[in-house]
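Peer 1: Residue numbers (the UniProt record's numbering), protein chains in the order written: chain A, 1 to 308; chain B, 1 to 363.
Hints in this document: simulated from the structure, not taken from any laboratory. C-beta: ideal position from N, C-alpha, C; glycine also. Some hints here could point you the wrong way.
[As the list claims (entries may be wrong)] Derived contacts from chain A toward chain B, CB cut-off under 8 Å, selection only:
#	residue
1	Ile-9
2	Ala-12
3	Thr-16
4	Gly-114
5	Thr-118
6	Leu-120
7	Thr-124
8	Leu-207
9	Thr-212
10	Ala-221
11	Trp-225
12	Leu-256
13	Val-257
14	Leu-261
[Stated by the list, open to error] With a straight-line Cα cutoff of 20 Å, these simulated DMTMM-like cross-link-like pairs (lysine to aspartate or glutamate) come out:
#	chain 1	residue 1	chain 2	residue 2
15	A	Lys-115	B	Glu-55
16	B	Lys-155	A	Glu-239
17	A	Lys-115	B	Asp-245
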Amino acid sequence: MDIELITNILYATIRTGTPLLLVALGEIICEKSGILNLGQEGMMLLGAVAGFIAMYHSDSFLIGFGAAALTGVLISLAFAFIALHLNASQVAAGLALTILATGLSAFIGADYEGKTVTALPALTIDGLAAIPVIGKALFAQDAIVYLSWVLVILAYLFFKHHRAGLAVRAVGENPSVASNLGLPVMSIRYLAVMFGGALAGIAGAYLSLAYTPLWTENMTAGRGWIALALVVFASWRVERVMLGAYLFGFASLMHLVAQGLGLSVDGNLLAMMPYLATLAVLIILSRDPQKLRLFEPMSLAKPWHKGH
Amino acid sequence: MKKVMKKLAVALSIGIGLNASLMSSSAMAADDNVKVGFVYVSPTGEAGWTYTHDEARLYLEEKFGDKIETSFVENVAEGADAQRVITQMAKSGHDLIFTTSFGYMNPTIKVAKRFPKVKFEHATGYKRAKNVGTYFDRIYEARYLTGVIAGHMSKTDTIGYIGAFPIPEVVRGINAFTLGLQSVKPDAKVKVVWVNSWFDPGKEREAADSLIDQGADVITQHTDSPAPLQAAEAAGIYAIGYHSDMSEYGKTAHLTAAVHNWKEFYAKRVQQVLDGTWQSEDVWRGMDADMTQLAPLSSAIPDDVKAKVQALSAQIAEGKLHPFTGPIVNQQGQQILANGQVMDDNALRKMDYYVAGVEGKLK
Chain A
1 MDIELITNIL YATIRTGTPL LLVALGEIIC EKSGILNLGQ EGMMLLGAVA GFIAMYHSDS
61 FLIGFGAAAL TGVLISLAFA FIALHLNASQ VAAGLALTIL ATGLSAFIGA DYEGKTVTAL
121 PALTIDGLAA IPVIGKALFA QDAIVYLSWV LVILAYLFFK HHRAGLAVRA VGENPSVASN
181 LGLPVMSIRY LAVMFGGALA GIAGAYLSLA YTPLWTENMT AGRGWIALAL VVFASWRVER
241 VMLGAYLFGF ASLMHLVAQG LGLSVDGNLL AMMPYLATLA VLIILSRDPQ KLRLFEPMSL
301 AKPWHKGH
Chain B
1 MKKVMKKLAV ALSIGIGLNA SLMSSSAMAA DDNVKVGFVY VSPTGEAGWT YTHDEARLYL
61 EEKFGDKIET SFVENVAEGA DAQRVITQMA KSGHDLIFTT SFGYMNPTIK VAKRFPKVKF
121 EHATGYKRAK NVGTYFDRIY EARYLTGVIA GHMSKTDTIG YIGAFPIPEV VRGINAFTLG
181 LQSVKPDAKV KVVWVNSWFD PGKEREAADS LIDQGADVIT QHTDSPAPLQ AAEAAGIYAI
241 GYHSDMSEYG KTAHLTAAVH NWKEFYAKRV QQVLDGTWQS EDVWRGMDAD MTQLAPLSSA
301 IPDDVKAKVQ ALSAQIAEGK LHPFTGPIVN QQGQQILANG QVMDDNALRK MDYYVAGVEG
361 KLK
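Next comes chain A alone, as it looks inside the complex:
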């Protein structure tokens, strides 16, 4: 393997991992507040189609990604209303959201099927991008990749050092106690779900506007589900989600690179690795209830209303 190839693999790993990182980051914040939203795949698809249509007509990436984020927020509100307000099962509501949004995205996008737009250009930082091996991966990416890094840092600081971050965690651990302490449990959970929706929308639009600039039905191909596994893999830690997203991206890439190199590694085995790792993390975590309590928000997916 020569230097050029390694440079390119690192670059591609970041790009492959970015949609996973964005959607998983949204989900982690949602889950920290105690809400399990299984609608990620559907929200990504709606974001992808809304972003595409907005970009197609406006020719502005800002409007494209903005429309995607807004669409994600709006559809996540439908979920929040059913799961939070009406106290329905979060698992059922999330699955329903994915099924509805998958169909809806196909419906909205029917006239745009197979159409294409110009791809989001890279923002290369001259000089730094020329650093061997890592330069291209770190300094020749597009705006959404940089945005994802900023969001990771902000989310990390938010949970580590900010009172509001602590409030979100308190709500996710024990909403009754949080409520008695005077925290607006419902508002916090609504906001967390909406944030998750916005990021899922942007992640979808990253696929339809940057990664493979075209709209076609079901183009997310299960990436929203991978993100859900990623959150568990990261044991609800922001920094580990970043690591996990790139690891998942790397594994899915290596499975293809290895074939081209003629390596005698079974591609299917490589493709399985991230899921095996997720299972391993789950097994390790759940062997020790104490540890699990440390990581998983205690009231995750449990319906709650005031005076409960």
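Dock chain B against chain A, hints included.
Peer 2: Frame of chain A, contents of chain B only:
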């Protein structure tokens, strides 16, 4: 408004998991005309497999006018859904139904038994009945020619090939391409990457990028999305499309594409139904019947190469040149076909090995 309602019905049916809707495109519904139905596995879109069938459907409407009425159902999942949709079509008075995906084979045969008067044409399958014919085109002929073009256009002598699943149809294409390539450059290599999916733009993009990173300067594909074309365009190299003309996804990258053309075949079958002469047949034709074509050649291809490709096309169409003519040696160095021999259809249908020059292992 009517269109909107129809679309809403599509969304709802997809939303509740039925994944299909019936769209009738002709308002004239006289009883004596022939009703032709089409079942598609994906949306009609702007390019790709289903697009080529719908192109032919539109051609039928134009050619036969009031004599026929066509309808189609898109996005029909293979399996139980397909059987329901095909039954519905047969029930609603269709005389001829084209089922255009391999996975519709058993549903088509089952429905055909219940509706002996309805005629069925199933693409890519091998099960036939008195009222079920099968058809496919010899796309490997076009693959051979795209290999010749790649041989002239590549500088690194490394071609990247993205495959969906290692089944004979795909392997046959890879081998035909490689033989065409090596007729120009005997030492050129084809790197194959399997993505284990017919359609996953993200994965196809990754596969194309990884091939380009490994020195491929021409990319081709046996998958359905135009993502590899976009990857080639972004990297400033060449690509060869599949199913239909994909030039709009890579204006400078697109050299040509291996294309299916169902227009005249469908017209012939419809005419036979109109005349009452239709019979179940197994049709596997290529450039001789114009069922397989090359998309318009890019201006990047030098004129002498264009002329050569046109001459080779004519030879294939006339039956003078067969892409699988010996000597053919497999990856392990064993001779598969002796000098001058032409491979028979049976061997073509069962192909499960790579020819020499293809890199990677066939599982």
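Peer 1: Flag every earlier hint the structure violates by its number, smallest first.
Peer 2: 5, 6, 7, 11 and 16
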